[in-house]
Amino acid sequence: MTDSTQTRPTPAAGTRADAPSAAVTGMVDHVLALAATWTRWDGAPTHADDRVYTPHKAVRRVADHLIDHLAELEARLAGEQPQPDHWHASLVTTPADLAPFTPEDLDEARSRLTRLARIWAARLDALTDEQLDHSPGTGWSFRELAHHVQESVYYADAVGDLS
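At position 58 of the sequence shown (counting the first as 1) the number is 57 in numbering that gives the first Met the number 0, and the numbers step up by one without a gap.
Since the hints were derived computationally from the structure, they do not count as laboratory data.
It should be emphasised that the depicted structure is a prediction, and the values quoted were computed from it without experimental measurement.
There could be a bad hint or two in this list.
Listed next, with one range per pair, are the computed distances between beta-carbon atoms [stated by the list, open to error]: (1) H29 - T93: 21 to 31 Å; (2) A74 - T127: 13 to 23 Å; (3) H146 - D41: 16 to 26 Å; (4) E129 - G42: 41 to 51 Å; (5) L76 - R114: 34 to 44 Å; (6) L90 - D41: 17 to 27 Å; (7) E73 - L161: 26 to 36 Å; (8) A47 - D84: 17 to 27 Å; (9) D49 - D128: 38 to 48 Å; (10) A43 - Q80: 41 to 51 Å; (11) T101 - D156: 37 to 47 Å.
Glycine residues also receive a C-beta, built at the ideal position from the N, C-alpha and C atoms.
Generate coordinates for the entire structure from the input sequences, incorporating the hints supplied.
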């Protein structure tokens with residue numbers, strides 16, 4: 000998908016700006032705005048909070064966070080116990096994380112993160128306030144979970160604007 004045909008992960012029509020879905024889609028909008036500058040990356044990882052970050056790692060961490068917590072939300076809605084994740088947090092930097100960030104990588108990030116944001120938005124917008132605030136299972140309410148996912152901007156902010 001090219002930049003000119005890319006759909007933005009904005010909330011559905013009629014969605015309030017303070018809706019949980021807006022937290023998720025806004026996070027993805029922010030990440031993708033920064034990612035648009037990462038094709039200029041010089042290959043030097045950035046350091047934040049005793050961790051190393053690169054464009055690929057930021058995209059991977061955001062996508063993993065979206066997938067992991069979506070799996071949790073869906074399991075809880077189905078009355079199941081969420082599968083434990085086996086994340087190594089942002090401590091691990093893979094060889095793939097150190098690869099140059101190309102225009103093709105940016106296109107893939109836009110496609111993947113936009114689609115994940117739309118899945119989140121559709122799911123969250125379909126829930127009632129009762130379900131958002133008094134969610135089944137243990138853990139954060141789904142409203143709190145959406146705002147936690149919003150914190151994934153951290154990974155992109157660690158790489159920053161490279162324009």
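Each hint tested on the structure:
Evaluation of the 21 to 31 Å hint for H29 and T93 yields a pass: the beta carbon distance comes to about 24 Å. In this structure, A74 and T127 meet the distance hint of 13 to 23 Å, their C-beta atoms being roughly 19 Å apart. In this structure, H146 and D41 break the distance hint of 16 to 26 Å, their C-beta atoms being roughly 34 Å apart. Distance hint check: the CB atoms of E129 and G42 are about 49 Å apart, consistent with the given range 41 to 51 Å.
Judged by the Cβ atoms, the range 34 to 44 Å given for L76 and R114 is violated: they are separated by roughly 20 Å. A hinted range of 17 to 27 Å for the beta carbons of L90 and D41 is consistent with their spacing of about 23 Å. In this structure the hint that E73 and L161 lie 26 to 36 Å apart at CB holds, the actual value being about 35 Å. Between A47 and D84 the beta carbons are some 22 Å apart, a value that agrees with the proposed interval 17 to 27 Å.
At about 39 Å, the CB distance of D49 to D128 agrees with the hint of 38 to 48 Å. Between A43 and Q80 the CB atoms are about 42 Å apart, so this pair conforms to the stated range of 41 to 51 Å. In this structure, T101 and D156 break the distance hint of 37 to 47 Å, their C-beta atoms being roughly 22 Å apart.
The structure shown violates the earlier hints numbered 3, 5, 11.
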